[in-house]
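Keeping their order, the protein sequence lines are chains A and B.
With the first letter of the first sequence counted as 1, position 250 gets the number 250 in the numbering used here; the numbers rise by one all the way through.
Position in the second sequence (from 1) plus 395 gives the number in the numbering used here.
Rather than coming from a laboratory, the hints here were simulated on the basis of the structure.
Remember, it's a predicted structure, so these values are computed and weren't measured experimentally.
Incorrect hints may have been included.
[As the list claims (entries may be wrong)] With a straight-line cut-off of 20 Å between C-alpha atoms, the simulated PhoX-like cross-links for lysine-lysine are: (1) K65/A x K86/A; (2) K462/B x K594/B; (3) K107/A x K237/A; (4) K519/B x K422/B; (5) K422/B x K481/B; (6) K42/A x K53/A; (7) K28/A x K107/A; (8) K69/A x K199/A; (9) K388/A x K753/B; (10) K270/A x K138/A; (11) K423/B x K520/B; (12) K65/A x K42/A; (13) K53/A x K678/B; (14) K448/B x K374/A; (15) K388/A x K769/B; (16) K464/B x K594/B; (17) K53/A x K423/B; (18) K283/A x K783/B; (19) K423/B x K455/B; (20) K69/A x K107/A; (21) K388/A x K665/B; (22) K665/B x K481/B; (23) K533/B x K481/B; (24) K270/A x K753/B; (25) K519/B x K462/B; (26) K783/B x K358/A; (27) K42/A x K125/A.
Residues per chain, in single letters:
There are 2 protein chains.
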Amino acid sequence: MYNIIQVDGGVCAAEGFFADGVSAGLKKNNAKDMAFIYSEDKCKIASVFTTNKMCAAPIKHFRAKGKFKTNFVLINSRNANAMTGKAGVEDIDEVLEALAHTFQAVKNPVMSSTGVIGVRLPKKKIIDAIPLFDLTVKEPMNAASAIMTTDTFSKSIAFKAQLEDGSSFSIGAMAKGAGMINPAMATMLCFITTDAKVKRSVMQEILNEVTQTTFNAISVDGDTSTNDTVMLLANEKSGAFEREAFTEALFKVMHFLALEMVRDGEGATKVVTYNVTGARDDKEAEIVAKALSDSLLVKTALFGEDPNWGRIASTVGASGVEAYEENLSISFNALCVYNRGELLFNEAMEEKAAAIMKLPAFSISCDLGVADGKFTAYGCDLGYEYVKINADYRT
Amino acid sequence: MYNIIQVDGGVCAAEGFFADGVSAGLKKNNAKDMAFIYSEDKCKIASVFTTNKMCAAPIKHFRAKGKFKTNFVLINSRNANAMTGKAGVEDIDEVLEALAHTFQAVKNPVMSSTGVIGVRLPKKKIIDAIPLFDLTVKEPMNAASAIMTTDTFSKSIAFKAQLEDGSSFSIGAMAKGAGMINPAMATMLCFITTDAKVKRSVMQEILNEVTQTTFNAISVDGDTSTNDTVMLLANEKSGAFEREAFTEALFKVMHFLALEMVRDGEGATKVVTYNVTGARDDKEAEIVAKALSDSLLVKTALFGEDPNWGRIASTVGASGVEAYEENLSISFNALCVYNRGELLFNEAMEEKAAAIMKLPAFSISCDLGVADGKFTAYGCDLGYEYVKINADYRT
């Protein structure tokens, strides 16, 4: 038995973690664009990275080091340090050397970047800003806003697990992501801190597992970034651990942040949960759920608040999984609009369905009527704002 | 040796074919919404249909009949007759019976539909309009506009092949398609007529082959319709045939219409040719080319006329094929912006690249530098109009 309660403090909620955000002049108008997470004690690291073959320099740099402990993560926005070759990796070495030079307490620092692809890191600006960091402050909201790019709000959350023996541990996190989000893999930047006393291998195992039903279940535009990173740091300060409680608390953290990313999907006006059931197996349910959350025709119908269930049926059919017109059922929330071959849709029902689609969040459920496979994915609509943001991103 | 020349007459260019379009009141304002193609002689049929599991009633109806000859194709727009179950197939029987009752010359007629999914066919309107058909007229442009849905222009073309022995044959066609177009399969409606004397099996073989590099190489939105149909009718009237000439003429017809579809892509302002070379094999080149033509981030960058080559690199990396940052090259027309790991991009180059992106048609070439696989795909940009069209489609 354990309790899990939401607490304040974001990425600083777990004992011994410090964080802040400053401006290095990468963004306009002195907006915060550089963040750090610092722990007094060195941390074990579990991580999930993009599967993009053009993975960014920070990921190559991290991987080259092998297994190690760190007590410092430096994150910049506005520049992804991707497609920058060996020079991009060397730029990180230089920045991290300057960092170690400024702060003797920093051990094996890690760097992470997000922003435009194919431009060398503005090294000088970043190095010049390092002395602005104060490792004794806990400003998780500053850190969370410094890592934003096209995000319209910062994303931060923390939970505390209270165990039966009176001990407790916390898991806190911050994330950024509003576009270039693909369900096929770990997504965008998310930094999670915990004071739980957890083995590295167990931590990695649980992180992989929870990623599947959280960050890997969301979609904004079906594009997969070069920089996607989920990083979990554990400093063991609480001395407490319980696997089930840890898994549940981590799920709560990651599920919340994943849905926050969808809610902040570029130009999104609604969050839609796709419940797919009755598929041949869970994998086929996942294929359907992600096909729905990725379909441009479904997404634009959502934006138009048009209960065009035909596009849902068509997308199920096009996804390549086992499916039959006469076995399929489709519902908006609890309103069944197509039932195993039966055309139920009429004007009255259209009105009810359209009312559901005006909600900021609702579910679309598809039962394939084939077997017991199931998966839940999360997506958003696609409107003019998405086009505006992405057509003008660099300018 | 043979000559292939473009000729007038669209779907009526081949000898013995008649066609027209009329209004059955399915579209507003008496716009043409019902077309026919009629041949004096019965025709062999080759066809390629959607792979969507929720395929529409007309496709089920056609498949249920097995191999047969026809001399009449009836096509309606505004209603797809998809997700309508057995009733939808029976509706076709009823319409075709009424057709045979009106015109004794009609043998084994075929029906094809395009429009909204999940609404029963407006049978009465269609049957009432049948007597408006005049089987003695050749109005290919009327037919081509009657099958339009969100198309902004009709699509029609014909070529004549002159063989060395003085004989000749023609291939003409009409098509519709502007959205719901996916590179993964045969796409939208295309009706092709020929008076060539060709074996059914050879005709099907050539149609399959040519479909791969034409309709299967284009993408507007990555969604796959329930109704996609390419149908080739041969009445043998010319008595002439030559395999190479037939293949080339059919390619010219289908390539032209495929690019017309892209040019008319919902809201599209430019047509982009994606030349992928140097892939591990042709299949991997195809995966990359289609990933590029489908990527929302690439499509919105095209719309914004932003030479954001980083998104192209990222999409190549995310496509899952063998690729390396240091082997990749990217060009806009002949302008190389990234060369095997070398960052070439600067302000002067950005200006040149932006000028290329303002053209109504240009190419983006990616050499993966892995082996010799290659594929060419065609796509368009995605702008506000796409959202507008698809958010408001049914209303």
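Practice task
State the violated hints by number, sorted upward, taking the hints as numbered earlier in the document.
Solution key: Hints 5, 6, 7, 10, 15, 17, 18, 19, 22, 23, 24, 25, 27 not satisfied by this model.
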